[in-house]
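Guided by the hints, dock chain B onto chain U, whose structure is given.
Chains U and B, in that order, are what the protein sequence lines are.
Take our numbering: the last position of the first sequence gets the number 735, and nothing is skipped along the way.
Take our numbering: the last position of the second sequence gets the number 101, and nothing is skipped along the way.
Hints are computed from structural coordinates only; laboratory data are not their basis.
The reader is advised that the hints may include incorrect statements.
[Stated by the list, open to error] Distance condition first, Cα-Cα at most 25 angstroms in a straight line; then the derived SDA-like pairs of lysine to any residue:
1) 37(B) - 166(U)
2) 37(B) - 184(U)
3) 37(B) - 241(U)
4) 725(U) - 682(U)
5) 216(U) - 40(B)
6) 724(U) - 166(U)
7) 41(B) - 274(U)
8) 272(U) - 97(B)
9) 240(U) - 97(B)
10) 97(B) - 227(U)
11) 251(U) - 166(U)
12) 37(B) - 718(U)
Bear in mind that the values here come from a model prediction, so they are computed numbers and not experimental data.
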Amino acid sequence: MDAVPPDTIPSGELIFRGIGVSAGIAIGRAFLRPLPDDQVVERDISRADVPREIARYEAALIATRQQIRAIQKDCDPDVAGIFDAHLLFLDDGPFIKNVFTGIEGRRKNVEVVLRDVATGFMQSLARVKDEYLRERANDVQDVARRILHNLAGKQVTLADITEPGTIVVANDLSPSETVSINKDRVGGIVLDLGSPTAHTAIVAAKLGIPAVVGLHNISKEVRSGDELLVDGGKGLVVLRPTLERRTQALRQAESKHGIEIELGRLKDLPAETVDGYRVTLSANIELPKDVDAVLAGGAEGVGLFRTEYFYMSSKDLPTEEEQYEAYRTVAQRLMPAPVIIRTLDLGGDKFLSNLDVNWKESNPFMGWRAIRFCLAQPDLFRTQLRAILRASIVGNVSIMYPMISNLDEIVRANVILDQAKKELLEKGHPFNPHVEVGAMIEVPAAALVADMLAPYVSFFSIGTNDLIQYTLAIDRGNERVAYLYEPTHLAILRLIKNTIDIGHRHGIWTGICGGMASDPLMTPLLLGLGIDELSVSCSALSMVKDAIRRVSLSEAREIAQLALTSQSSVDVHDMFRELTKKIAPEILELVE
Amino acid sequence: MSHSASENNSKIVREYVIQNRYGIHARPAAMLVKTASKFQADVTVEKGSVRVSGKSIMGLMTMEASCGAKIRIVAEGVDAEQALDEIERLFENKFYEE
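Extracted from the complex, chain U is given alone in its bound form (with noise of 0.2 angstroms):
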């Protein structure tokens, strides 16, 4: 790195705050991933050189294919579909050929004439209706930007970080540059733009990497070299921290390590209570994949198997059979134990961009998601129900429907699950006839009718995120109102109460899989409400399993009673938080 002169370095820390989307603490440099575009310097060539330009670009494709080819092997089977799209974009014929007459014809260099194809490409895609198509433009600049990166020859990529713990800071990253992140030498993400369900997330989640994203402008603030301490569970960047901020967030973070190595032998022992109360603790999941982190966790199963990713991620339509080999692998893995597969969950903070879903709703929450969703579109979800179906035969497979808000909705869904037999019977493909379908509870009005559907229901699954956004009428994105989200509102509990004791007196179990369920400071009060199932995010299990087992049930159902008569949420969760100082003091030292 050049020397700075002393009176230039700039000093005292800058906090930034973001988006915490990966959980970890890391301190390292900042490696800027540049953009490439801006790289690109023109030049006029003769016509003598045409030639060589051409070759330059020839090497560049082959060099280009060679370098997708292997980074679709190594990559994670989910998203290698991504980069048979860049294959054929990089072959196409008319996208060469108009590169080729640029060359001759503009006589300018190839990097230029290039980004200019490729430019006018990316906005002939902008002017297509379908908004799913018109994000591929992102998968053409991805390519145009590798084969720039070849035909500078040796240009500073992700692939070039050597220093382990270097901390990326970049604008964005591409579904590509993403996927090629070493874990071994990347030790945080910071970017300007994403969203907790971006694919960067997912990816940074999945690797443990502490990633904090929508931090608006610290590419801009920040320079390679730079010292960088990254607080993914705060959503907290701090540029040249302080000594004693540094000593501190290590120490933080060695003593969480050594509590979550002491957590982690729970792994095998059973989810109970002091008093020998056994309840059902399994993981939610949303890709094939995640069965390692469940079997690793020691969760008996899953709770809330997400489907979303498939339809959000390739972008094309899951078909029938790519989803039946994602439920398949998953119930076999885990069989006997259970995995409760919930149907398609979209609309709401959940978009989906290949479907007719063109228009912007003014309250996507309330409007048409999730089982509405798919009770329109009976041909989509019969494909989504066969799939499920033919998988309940290899393993222990339950239906979940999200949103019910009325017992009609049940009763809709369930017929279209009989034609959805009918055709696997016509089709000669096996599956469990008997298979259970459960309803989630997250509309309170669900909750409150919980009589009228229990008898058509195997079980119950309270999804608390949306029960309490939509009890209390708290939008959780709005940051004015964000303070009124409590979980502990009487509403809540109340209606969570209801929920189980209705549940119980028609023998049908009731689950929690929202994110209630992952935090381990309301374990003792879900436990003392009488519920059977907890279904945690499987970074939590451990954390959850721990409270389960120092708790007594009889402890937990008194202070649960105190909770239901409490005037005050504020009130109801210091309780909890007392007694977890009390009983399992680890936990707070890992969530505070």
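Leaving out everything else, chain B in the frame of chain U:
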């Protein structure tokens, strides 16, 4: 094998109405390109006044052939007939999507 190519060069035109629900989006486009590229024949896809190469994914994607759209496929070359037969199977099976 190429010496007889010019003798039985044929040009075939067939018309289709796109029946898969989401039209020729990226996956059907990719299937079409992969199929057309297996043959020597030139394959052109026409929708109204728009003409694109059946071997170009960019062209097919920007053509916006949605469900219900009428398109013409023109194949010209020694193996034009085989090419169109195989492409026809894609259309008949709605690109194996449903």
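Comparing the hints with the structure gives:
Straight-line distance between C-alpha atoms of residue 37(B) and residue 166(U) comes to about 42 angstroms, which puts the hinted pair past the 25 angstroms bound. Taken as a hint, the residue 37(B) and residue 184(U) pair is broken in the structure, with Cα atoms around 35 angstroms apart against an allowance of 25 angstroms. Restraint check for residue 37(B) and residue 241(U): satisfied, since their Cα atoms lie roughly 21 angstroms apart, inside the 25 angstroms limit. With a CA separation close to 23 angstroms, the supplied pair residue 725(U) and residue 682(U) stays within the 25 angstroms bound.
A threshold of 25 angstroms between alpha carbons decides the hint, and for residue 216(U) with residue 40(B) the separation of about 23 angstroms falls inside it, so the pair holds. For the suggested pair residue 724(U) and residue 166(U), the alpha carbons sit about 22 angstroms apart, so the restraint of at most 25 angstroms is met. Between residue 41(B) and residue 274(U) the CA atoms are separated by roughly 30 angstroms; this puts the pair beyond 25 angstroms, and the hint is violated. The hinted pair formed by residue 272(U) and residue 97(B) meets the criterion: a straight-line CA distance of about 21 angstroms does not exceed 25 angstroms.
Taken as a hint, the residue 240(U) and residue 97(B) pair is broken in the structure, with Cα atoms around 31 angstroms apart against an allowance of 25 angstroms. About 20 angstroms separates the Cα atoms of residue 97(B) and residue 227(U), which keeps this hinted pair within 25 angstroms; it holds. For the hint linking residue 251(U) to residue 166(U), the alpha-carbon distance of about 47 angstroms lies beyond 25 angstroms, and the restraint is violated. As the CA atoms of residue 37(B) and residue 718(U) are separated by approximately 63 angstroms, the hinted pair breaks the 25 angstroms bound.
Consistency with the previously given hints fails for numbers 1, 2, 7, 9, 11, 12, ordered from lowest to highest.
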